[in-house]
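Line by line, the protein sequences are chains A and B.
Going by my numbering, 10 is the number at position 10 of the first sequence; the sequence numbering is gapless.
Going by my numbering, 36 is the number at position 36 of the second sequence; the sequence numbering is gapless.
These are computed hints drawn from the structure, not numbers from a lab.
Some hints here could point you the wrong way.
Unchecked claim - Stretch by stretch, here's where chain B covers chain A in the computed footprint (C-beta under 8 Å, at least three residues):
{"hint": "1", "region": "67 to 75"}
{"hint": "2", "region": "99 to 109"}
Claimed, not checked - Calculated from the model, a selection of chain A residues having no Cβ within reach of chain B, i.e. all distances over 10 Å:
{"hint": "3", "residue": "5"}
{"hint": "4", "residue": "15"}
{"hint": "5", "residue": "19"}
{"hint": "6", "residue": "52"}
{"hint": "7", "residue": "60"}
{"hint": "8", "residue": "63"}
{"hint": "9", "residue": "81"}
{"hint": "10", "residue": "83"}
{"hint": "11", "residue": "112"}
To be verified - Simulated restraints on C-beta separations:
{"hint": "12", "chain 1": "B", "residue 1": "58", "chain 2": "A", "residue 2": "30", "range": "43 to 49 Å"}
{"hint": "13", "chain 1": "B", "residue 1": "104", "chain 2": "A", "residue 2": "53", "range": "32 to 38 Å"}
{"hint": "14", "chain 1": "B", "residue 1": "8", "chain 2": "A", "residue 2": "8", "range": "48 to 54 Å"}
{"hint": "15", "chain 1": "A", "residue 1": "8", "chain 2": "B", "residue 2": "104", "range": "23 to 29 Å"}
{"hint": "16", "chain 1": "A", "residue 1": "53", "chain 2": "B", "residue 2": "54", "range": "31 to 37 Å"}
Being a predicted model, the structure only gives us computed values, none of them experimental.
We treat Cβ as the ideally placed atom computed from N, Cα and C, and that holds for glycine.
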Amino acid sequence: DAKTTQPNSMESNEEEPVHLPCNHSTISGTDYIHWYRQLPSQGPEYVIHGLTSNVNNRMASLAIAEDRKSSTLILHRATLRDAAVYYCILRGYGGATNKLIFGTGTLLAVQP
Amino acid sequence: KAGVTQTPRYLIKTRGQQVTLSCSPISGHRSVSWYQQTPGQGLQFLFEYFSETQRNKGNFPGRFSGRQFSNSRSEMNVSTLELGDSALYLCASSLAASGGASDEQYFGPGTRLTVT
Chain A
1 DAKTTQPNSM
11 ESNEEEPVHL
21 PCNHSTISGT
31 DYIHWYRQLP
41 SQGPEYVIHG
51 LTSNVNNRMA
61 SLAIAEDRKS
71 STLILHRATL
81 RDAAVYYCIL
91 RGYGGATNKL
101 IFGTGTLLAV
111 QP
Chain B
1 KAGVTQTPRY
11 LIKTRGQQVT
21 LSCSPISGHR
31 SVSWYQQTPG
41 QGLQFLFEYF
51 SETQRNKGNF
61 PGRFSGRQFS
71 NSRSEMNVST
81 LELGDSALYL
91 CASSLAASGG
101 ASDEQYFGPG
111 TRLTVT
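Chain B on its own, in the form it takes in the complex (with noise of 0.2 Å):
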């Protein structure tokens, strides 16, 4: 079974620009959430979705959004990109129905955005 992927891996972006990242999830689940990793703040997390309605949102700006489509790929957006938006962005992907608490994720590689 193939694990998560994200794309693009890596990517240099201008301040003020905007980004779009994906995720496609282990297939077959359902749930896919976002987290930024940065030196000085750690794993946040960002947003959370599940059949296509996000359920979860963390402490982000606006600038910060995402969807998920019916195949349960996931995608965020992060608008007028600021330096302080240079980040390890990861996904996680979780087979869990309901939210149960013994339920394992799944994370991908990330994808690394560096803001100049």
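So here's chain A without its partners, still in its complex pose (with noise of 0.2 Å):
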């Protein structure tokens, strides 16, 4: 399975955005790009996922570099519930399962 590489943490201000980055330079040309987060004393939630063009919806926005070697989630105003550990997967297509590989992530703090 192609790895991500993902800053421990990061820190951000409440209402400010956020960019939080994952390099993924083995990917394949069928691998998918999920971000999931897992709030505090929560199982990890869905945030957005995306093949090669950029990617939007209520939650968050995924910009995907043209080498698809890195991407990155934007939090367009981070808020005190946006506080949670961010993982940065891949997906291949095709396979039979729906495994998951959870690298170590990126913990963001929001400060009020």
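Put the two chains together into one complex, using the hints given.
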């Protein structure tokens, strides 16, 4: 499975944008980039995913580099509720599995 | 729609005992996966079931087993508990019929197991 690299921790101020980076230099052409987050004392929750083009949803935006070797999760206005561990995960297409390989993720702290 | 539910939420067992954890997926979801989360190892994949068949297994000893019933509910069992089995056990369900890479997984709140 292709590996992802994320910073261990980041800090942000409330109501400011947050850019969470992820490197995945060994990504294959059929790997989707998924982001999940885990709030304190909860199970992980899906945030967003993409393949090649940038993606937006109600929670966040995902910017994917042209060579797909890196991506950035963008929270447009951080709130205290966004304090969580954010995981960047690669998922191959076509395999008969829903297995997720979690790395160590990025612990995001949001200051009021 | 109700989310993924896991029972019990907290459990304390002693070494050598066995334990069974239960997971009820979101209605209509046929895929259930289990994960173990510890401070030292992070989130690790245990196994995955689809339509009552185990189709993927992580790198855990045979003491860890699971099954899925015809209503998609799943149980995992850990026999001969060790102190190192203390962890948060998470269950996730997905609508996926064929494991498509774009499928979103929904996680339950987990069962916190403490082995003394």
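We went through each hint and held it up to the structure:
no.: 1; hint: 67 to 75; result: violated (count 0)
no.: 2; hint: 99 to 109; result: holds (count 7)
no.: 3; hint: 5; result: 14 Å, holds
no.: 4; hint: 15; result: 28 Å, holds
no.: 5; hint: 19; result: 23 Å, holds
no.: 6; hint: 52; result: 13 Å, holds
no.: 7; hint: 60; result: 14 Å, holds
no.: 8; hint: 63; result: 18 Å, holds
no.: 9; hint: 81; result: 17 Å, holds
no.: 10; hint: 83; result: 18 Å, holds
no.: 11; hint: 112; result: 26 Å, holds
no.: 12; hint: 58(B) to 30(A): 43 to 49 Å; result: 22 Å, violated
no.: 13; hint: 104(B) to 53(A): 32 to 38 Å; result: 18 Å, violated
no.: 14; hint: 8(B) to 8(A): 48 to 54 Å; result: 33 Å, violated
no.: 15; hint: 8(A) to 104(B): 23 to 29 Å; result: 26 Å, holds
no.: 16; hint: 53(A) to 54(B): 31 to 37 Å; result: 35 Å, holds
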